[in-house]
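> Here are the chains, one letter per residue:
There are 2 protein chains.
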Amino acid sequence: MSPFDEFEIIRLLTKTIGQPRAPFSKIGDDVSFFPSRPGYLVIKSDMLVGKTDVPRGMKLWQAARKSIVMCASDFAAKGVSPTGVTISLGLPRHLSKKDLLQLARGFRRGKDEYEIEILGGDTNEAGDLVIDCAMVGFSEKIVQRSGASVGDFVVTSGRFGYSASGISIAVKGLRAEADFKRRALASVFMPRARLDFGLGLKDFFSASIDSSDGLALSLYEIAEKSKAGIEIERLPSDESVHDFCVANGMSVEDMVLYGGEEYEIVATIPSKRLREARRRAKELHLDLIVLGKITDDSGKVILKEDSRWRVVERRGWVHFR
Amino acid sequence: MSPFDEFEIIRLLTKTIGQPRAPFSKIGDDVSFFPSRPGYLVIKSDMLVGKTDVPRGMKLWQAARKSIVMCASDFAAKGVSPTGVTISLGLPRHLSKKDLLQLARGFRRGKDEYEIEILGGDTNEAGDLVIDCAMVGFSEKIVQRSGASVGDFVVTSGRFGYSASGISIAVKGLRAEADFKRRALASVFMPRARLDFGLGLKDFFSASIDSSDGLALSLYEIAEKSKAGIEIERLPSDESVHDFCVANGMSVEDMVLYGGEEYEIVATIPSKRLREARRRAKELHLDLIVLGKITDDSGKVILKEDSRWRVVERRGWVHFR
Chain A
15 MSPFDEFEII
25 RLLTKTIGQP
35 RAPFSKIGDD
45 VSFFPSRPGY
55 LVIKSDMLVG
65 KTDVPRGMKL
75 WQAARKSIVM
85 CASDFAAKGV
95 SPTGVTISLG
105 LPRHLSKKDL
115 LQLARGFRRG
125 KDEYEIEILG
135 GDTNEAGDLV
145 IDCAMVGFSE
155 KIVQRSGASV
165 GDFVVTSGRF
175 GYSASGISIA
185 VKGLRAEADF
195 KRRALASVFM
205 PRARLDFGLG
215 LKDFFSASID
225 SSDGLALSLY
235 EIAEKSKAGI
245 EIERLPSDES
255 VHDFCVANGM
265 SVEDMVLYGG
275 EEYEIVATIP
285 SKRLREARRR
295 AKELHLDLIV
305 LGKITDDSGK
315 VILKEDSRWR
325 VVERRGWVHF
335 R
Chain B
15 MSPFDEFEII
25 RLLTKTIGQP
35 RAPFSKIGDD
45 VSFFPSRPGY
55 LVIKSDMLVG
65 KTDVPRGMKL
75 WQAARKSIVM
85 CASDFAAKGV
95 SPTGVTISLG
105 LPRHLSKKDL
115 LQLARGFRRG
125 KDEYEIEILG
135 GDTNEAGDLV
145 IDCAMVGFSE
155 KIVQRSGASV
165 GDFVVTSGRF
175 GYSASGISIA
185 VKGLRAEADF
195 KRRALASVFM
205 PRARLDFGLG
215 LKDFFSASID
225 SSDGLALSLY
235 EIAEKSKAGI
245 EIERLPSDES
255 VHDFCVANGM
265 SVEDMVLYGG
275 EEYEIVATIP
285 SKRLREARRR
295 AKELHLDLIV
305 LGKITDDSGK
315 VILKEDSRWR
325 VVERRGWVHF
335 R
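In order, the protein sequence lines correspond to chains A and B.
So the working numbering is basically just the index in the first sequence, starting at one, shifted up by 14.
So the working numbering is basically just the index in the second sequence, starting at one, shifted up by 14.
There could be a bad hint or two in this list.
No copy labels: a pair is met if it fits in one copy or bridges any two.
[To be verified] The list that follows gives simulated cross-link-like pairs (lysine-lysine, BS3-like), each with its CA atoms no further than 30 Å apart:
hint, residue 1, residue 2
1, Lys111, Lys239
2, Lys286, Lys111
3, Lys307, Lys111
4, Lys296, Lys125
5, Lys241, Lys186
6, Lys239, Lys125
7, Lys125, Lys112
If you're looking for bench data, these hints aren't it; they were derived computationally from the structure.
One chain only, chain A, in its complex shape:
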């Protein structure tokens, strides 16, 4: 399977299967949607697999909760409030009743946190833990990846680098200052779907995406789908990530751009609406971090470094490398 990545697989599958007909959304955005009355029914399925999505140290209930976060994060990026979810489970034979109840607790937690209904599901025996959530919701409007225009500001809902740092701490056992360690591990074990940001600010977004595949890929997706380019003036990171990377001989840029699994929202806002968006964000006690701008250099994402521009690599956290 090595010559394929996720995008290649989707492309191959879509090519044979065919794109849905209008008025169905095309395959390739965070969610799929089609007319309900009134507005749209929005649906998204996302599969969590133990081996690849549950890092060492993550508890079963956290894995169950994460499976809901993974779907809810896509809804957040589309500015859509999720309504319900079905959960299909593949369960290893060695799971105990206690383990199962722990999973149930995690689902309950996700249900309460995001105020969604768990509508049903399916259980199966499998070699590894598999949790597939299919989430649905309704909306009058969906913010797509393709709506960015030249001059729009590129923003995010938070700082990047914490998840990748957390993974290094959890999996490789790297050392870190106590406060940073706590925050970095929380972003791995207890990621949040940014529904506060997505629902609160969607009216300002021209395009939007969730960043779980990494910041670089998210930027490329917006650029490519919008037939535009992006220039990044500054990375959305902070001192603590910087210090952790330096102390451990790692590149801040790598952690921030290519780390993945962040669950923040990357969006674009027309320049004349930025001020109003900032005001709204402040009212809602949300960070609104401006990274850069949409350019007419189609498909190119560049980063300013020591007052020189260089091209951001089109890579990130992709299954099947």
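Given the coordinates of chain A, assemble chain B onto it according to the supplied hints.
Relative to the frame of chain A, chain B by itself:
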């Protein structure tokens, strides 16, 4: 995990998670649904796992097609036309591009056969093949498991025993007469979702269920959810199944009642509407097989055998035995 079966797991999960609030359907029917405008949005997710759902001899495209059939069969039993599906994939690392295209062909086949849109999905690496379909549709009315009344006739859409026979032929290598072998293997490798039956006759059904967990469990589900009993006058089987079982020293009853994986519809029809239902079935060139009747002996399913009644066992094809 041995002390649990699927029902127990669902019960445990549901207990901790909690049932959805009205107007959402309760967990425990073939599909979940909630008000759309007008009518209902219907959603169902069903997971296929290589080890347990793909018998020896089944090709990858047949497995992919089957994953769609599994969901569509539940829609058929509810009398709901499926609209679209999302597909989450767990793919073993050893799959080749050719294998992947074969999967895509299978999905395409399912899409074309049932005239549904494949709306999107998710791909992951997994140890075993995992395909989770989440299917949605809209409907003004949903036939539930709970609607049967005393005196209603119990009917099915077809003969039972072919799938279990087919499995014995495919997996254990049992011998069979050529025509029977072909039909039995087809029911394993190319099961059909009985949308023809479910959509064509739903107006007559007081209750309905798909029979993929086996005939016995399907009957018990209708009995228990409807707070009624069932008496079966004759098993929905035929000469060929009988001959195959006798030749191989197997019990016909076992194959028909407890075999599972049949994908036929088991429904109930009020007695005063049976005649009209038969006429409609004839017009549509469908079999409508009457097995027995709903009784007031709550929760009991009994079978007439040599003019004596005995209790049908409450068991079938359940994961996690």
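> Work down the list of hints and note, for each, if the structure agrees.
These are the hints, each one checked on the structure:
1. When the C-alpha separation of Lys111 and Lys239 is checked against a cutoff of 30 Å, the pair qualifies only between copies, where the shortest distance is 26 Å, while the shortest distance within a copy is 46 Å.
2. For a Cα distance limit of 30 Å, the shortest separation of Lys286 from Lys111 qualifies neither inside one copy, at 56 Å, nor across copies, at 47 Å.
3. In the homo-oligomer, the alpha carbons of Lys307 and Lys111 never lie at most 30 Å apart, since the shortest distance is 52 Å inside one protomer and 38 Å across protomers.
4. Taking the shortest alpha-carbon separations for Lys296 and Lys125, only the intra-copy value of 27 Å comes in at or below 30 Å, while the best inter-copy value is 47 Å.
5. For the homomeric pair Lys241 and Lys186, neither the shortest alpha-carbon distance inside one copy (39 Å) nor that between copies (57 Å) is at most 30 Å.
6. Within a single copy, Lys239 and Lys125 get their C-alpha atoms only as close as 32 Å, which misses the 30 Å cut-off; across copies the closest is 26 Å, which meets it.
7. Taking the shortest alpha-carbon separations for Lys125 and Lys112, only the intra-copy value of 20 Å comes in at or below 30 Å, while the best inter-copy value is 40 Å.
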